[in-house]
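Student: Below are the chains, spelled out letter by letter.
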Amino acid sequence: MEHFPEAWGRPRNDIYGPYDHSYLQTTGPKAHTQSPAVTGTSVIGVKFNGGVAIASDNLASYGSLARFTDVKRLRVFGDSAIVGFGGDVSDMQHIDRLLNSIDIRENYSSDGNLLNAKNLHTYLSKVFYKRRSEFNPLWNHILVAGFDGDGKPFLSSADLLGTTFSAPHLATGFGAHLAIPILRRLFPEDTPLENISKEQAVEALRECIKVLWYRDARSLDKFSIATVTKDGIEVKEDEKVEAQSWAFAETIRGYGAQVN
Amino acid sequence: MTSFGRYTSAETVGYSFSQPTSAPNKEHSFYPYTDNGGSTLGISGSDFAILAGDTRSVAGYNINSRYVPKVFKIGGDDESGDGAHILLSVVGFAADGQALKERLDAVVKMYKYQHGKPMSVRACAQRLSTILYQKRFFPYYVHAILAGLDEEGKGALYSYDPVGSYEREQCRAAGSAASLIMPFLDNQVNFKNQYIPGSGEGHALEPKKAEPLPRETVEQLVRDAFTSAVERHIEVGDGLQMMVITKSGIEEIYSPLKKD
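In the order they appear, the protein sequences are chains D and U. Letter by letter, the first sequence follows residues 556 to 815 in the numbering used here. Letter by letter, the second sequence follows residues 183 to 442 in the numbering used here.
Taking lysine to aspartate or glutamate and the EDC-like style, the derived pairs with C-alpha atoms no more than 16 Å apart in a straight line are: (1) D/673 to U/261; (2) U/441 to D/745; (3) U/294 to U/259; (4) D/753 to D/786; (5) U/440 to D/744; (6) U/336 to U/351; (7) D/791 to D/758; (8) D/777 to D/762; (9) U/317 to D/689; (10) U/429 to U/333; (11) U/429 to U/229; (12) U/441 to D/744; (13) D/681 to U/284; (14) D/685 to U/284; (15) U/440 to D/745; (16) D/791 to D/776; (17) U/283 to U/261.
I should point out that these hints are in silico values taken from the structure, not numbers from a laboratory. Quick caveat: nothing in here was measured; it's all calculated off a predicted structure.
Please model the entire structure based on the sequences and the hints provided.
Tutor: Spelled out as structure tokens, the structure:
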């Protein structure tokens with residue numbers, strides 16, 4: 556019988572060797588995040604006539620393990636902006652707490668929460684830049700969707716280094732490789748926004764999520780999709796990839812057991 | 183010493199609280215910089231200065247966006263930059279560039295409020311050097327070029343290294359394609375390796391003297407420099423943003439570059 560309850564549940568020294576305490580360090584420099592732990596992958600977004608559509612799957616991976624399969628990575632801010640998070644999930648939850656406290660504070664002001672998506676993106680990119688400058692980064696790549704000060708559709712990205720950029724369609728993670736070319740083919744960059752309907756945008760994002768499910772090993776067939784328009788925000792958080800066709804798998808050569 | 187179960191002494195038991203925490207210090211693996219590519223170029227004339235930059239933003243082999251400006255108006259009245267009399271271009275790490283631009287903009291605005299007159303380009307140039315050197319040991323990873331008109335109304339151009347060394351010059355190329363553009367400028371602006379035909383015997387020719395070029399010539403040189411850089415550098419392309427500062431104000435000219 557082990558008499559020290561503190562030792563219960565720990566690997567036995569006589570079998571596994573002395574326990575490695577390095578992660579419980581109490582002296583020495585403060586250890587900041589050196590790499591993310593539980594992570595989300597792609598977020599994809601596209602502007603359309605009168606708004607923005609954004610989507611991400613509901614997976615939080617622990618390395619190559621599909622650890623949490625019901626994590627909502629699209630967060631609604633106020634009634635005019637959505638933030639989609641890729642990267643570390645605990646950092647996402649931290650940022651979500653920041654956003655909630657801002658939302659509450661703003662709602663107490665006499666004219667309500669007037670912060671638009673552009674303001675929110677500026678704020679978040681400064682949070683990221685400050686944290687990277689302290690060598691204590693928030694390990695995320697985010698997309699912010701909504702409207703700017705002039706009421707025009709707004710879609711912009713910010714990452715753990717504080718780098719920001721904007722484009723008619725954006726994607727984080729694997730989506731930057733797989734989804735962007737699809738979106739670019741469907742809606743060339745010089746397409747006027749008036750020529751892209753909400754339905755087309757949403758359908759394109761569903762297709763992109765499907766392609767990511769086919770080819771991104773850290774993705775899931777359950778996803779969230781949201782739109783921001785002047786009428787408000789619509790979020791669907793329990794969508795499933797439909798009409799899958801794995802016929803293409805037959806044609807793949809060079810992996811697995813087939814001879815040629 | 184009393185023996186508990188299979189352990190002979192408390193030291194061999196894996197308690198987190200009783201163990202010496204002398205694990206070797208881990209080196210930080212977080213790298214706070216990235217290279218967002220692109221190139222900038224500035225040329226000064228007798229009564230004008232031109233600052234130009236391509237609008238592509240990259241991360242590795244990915245194109246983040248085809249329109250991320252690198253040339254900014256400094257000290258304007260509002261977000262649009264109207265009323266500005268100084269130009270700044272930053273190339274390198276875009277997040278640092280953004281932060282630097284915002285700091286310099288605030289400084290120039292404060293100068294006007296405190297002194298009741300616009301900041302001279304010479305003063306602004308010295309201030310920018312100080313701002314950069316203040317971060318000598320965690321630098322803004324950017325190559326900056328500052329442009330305006332000096333006290334005599336002549337075109338003024340100052341170029342900087344990331345830690346604040348600066349120099350007034352006739353022309354300067356910075357960024358990823360600087361090594362491609364700068365020799366072209368040496369030849370076409372400062373007439374390096376150009377000699378006056380028939381001015382001497384054999385190779386003892388008189389060098390062609392450099393003199394300020396007219397605006398049309400300079401604009402065409404800028405276009406030629408960038409179209410050539412696009413051919414030979416993968417991080418340069420998409421769009422060319424040119425800002426021309428004269429005594430009547432700042433003119434912005436955008437023209438497309440190859441998107442491949």
